[in-house]
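Quick note, the sequence shown lines up with residues 1 to 311 if you use UniProt numbering.
No wet-lab data here; the hints were simulated from the structure.
You may find that some hints are simply not true.
Below, in silico cross-link-like pairs of lysine to any residue (SDA-like), each with a Cα-Cα straight-line distance of 25 angstroms or less [unchecked claim]: (1) Lys195 to Pro25; (2) Lys42 to Arg181; (3) Lys166 to Lys42; (4) Lys101 to Ser160; (5) Lys293 to Ala282; (6) Lys116 to Phe197; (7) Lys198 to Asn232; (8) Lys152 to Leu119; (9) Lys166 to Leu212; (10) Lys116 to Gly76; (11) Lys195 to Arg181; (12) Lys152 to His130.
Simulated DEER-style distance windows between Cβ atoms [stated by the list, open to error]: (13) Arg199 to Val45: 16 to 24 angstroms; (14) Met214 to Thr143: 13 to 21 angstroms; (15) Tyr209 to Asn78: 39 to 47 angstroms; (16) Arg186 to Arg32: 41 to 49 angstroms; (17) Gln224 to Arg87: 48 to 56 angstroms.
Don't be surprised by glycine CBs; every beta carbon is placed ideally from N, CA and C.
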Amino acid sequence: MQHCFRRLYATIPDAAAVARTTSTPRSVRLRRLRIKRTKHPKLPVESDATLEGLTPTELAHYNRASAKGELLQDNGENLTASEWLERLNAQRSRVRGVRQKVNEAGEVEEQVVGQKIYLPNIIIKFVRNHTPPGQPYNPYEATFRIPPSMTKTDLRSYLSAVYGVKTTYIRTDNYLSPVTRDPQTRAMTRTVPHKTFKRAVVGLVEPFYYPLAMEDMSAEEREQREDWLEENFRITQFQLTRRAELLRLYQGSPKKPGVPTRRGDILQHIAERRAEREHAIAQAKEEMRGSRKVAQTHETRSDGKIEEVTV
1 MQHCFRRLYA
11 TIPDAAAVAR
21 TTSTPRSVRL
31 RRLRIKRTKH
41 PKLPVESDAT
51 LEGLTPTELA
61 HYNRASAKGE
71 LLQDNGENLT
81 ASEWLERLNA
91 QRSRVRGVRQ
101 KVNEAGEVEE
111 QVVGQKIYLP
121 NIIIKFVRNH
131 TPPGQPYNPY
141 EATFRIPPSM
151 TKTDLRSYLS
161 AVYGVKTTYI
171 RTDNYLSPVT
181 RDPQTRAMTR
191 TVPHKTFKRA
201 VVGLVEPFYY
211 PLAMEDMSAE
221 EREQREDWLE
231 ENFRITQFQL
241 TRRAELLRLY
251 QGSPKKPGVP
261 TRRGDILQHI
271 AERRAEREHA
281 IAQAKEEMRG
291 SRKVAQTHET
301 RSDGKIEEVT
311 V
């Protein structure tokens, strides 16, 4: 069983190799490809492993160990890249937290080093992988949202002990929610707890395909699936209710007038602006008429002629 697992780990499929390369941190890929740090570099969507399956980092470690003479065998020859990778994978895929101990009878038994947790107070979310447009979904990779306090070893042990899922690599990155203000009081700063999490990208030994994925359905099957979801979960009604609730929360306080959001408030605001505009126009007309009367005054001379005097 262990030998079979090592073999599966060493000879990973092409899709798994591509997933391992694309999930590598961006700065590491830029350094490997010798690309300058630009805002949106075009990174190739292909595996950077050698024919033996070594990544650039593993190849550098292998060459360094070979130059230092650490790979010499009893026959005087160095380990090949495939043999070295098989040993490395065996070390990586070992069961953590367990050590071998010899009991009083002289038998070798396994002893758990860490403390077992029977009722963990954690929430692990299994979400879809990030797939850029025009690229196929990779089944040799899984994405989880885990608490920030959870480590890679904890996640690997959890998947192995509870679900029997064998993993090859785990890469994590932290997401911190921005500091915002309360929309009602506009005074107290707060953060959104559910938006602070750790994302874990896990490489899988065996592929996992999402059941009932709409991307893999025909037009008729997709329409039936959407009708079933609407009938059982009322997705459209939920979206409308959510939109109305957001409008109600972010509408402007009466003490602090702002931009109206309700239909009645919008119509009232338009009517008030129109009345103000008409009142301003009427007042301007009256002022123009009054100034014209003042400017045109008439005086009668002694000879009976009318002289127009402009003040």
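Comparing the hints with the structure gives:
no.	hint	in the structure
1	Lys195 to Pro25	21 angstroms, holds
2	Lys42 to Arg181	37 angstroms, violated
3	Lys166 to Lys42	32 angstroms, violated
4	Lys101 to Ser160	22 angstroms, holds
5	Lys293 to Ala282	17 angstroms, holds
6	Lys116 to Phe197	24 angstroms, holds
7	Lys198 to Asn232	31 angstroms, violated
8	Lys152 to Leu119	19 angstroms, holds
9	Lys166 to Leu212	24 angstroms, holds
10	Lys116 to Gly76	45 angstroms, violated
11	Lys195 to Arg181	15 angstroms, holds
12	Lys152 to His130	20 angstroms, holds
13	Arg199 to Val45: 16 to 24 angstroms	20 angstroms, holds
14	Met214 to Thr143: 13 to 21 angstroms	18 angstroms, holds
15	Tyr209 to Asn78: 39 to 47 angstroms	41 angstroms, holds
16	Arg186 to Arg32: 41 to 49 angstroms	48 angstroms, holds
17	Gln224 to Arg87: 48 to 56 angstroms	51 angstroms, holds
The structure shown violates the earlier hints numbered 2, 3, 7 and 10.
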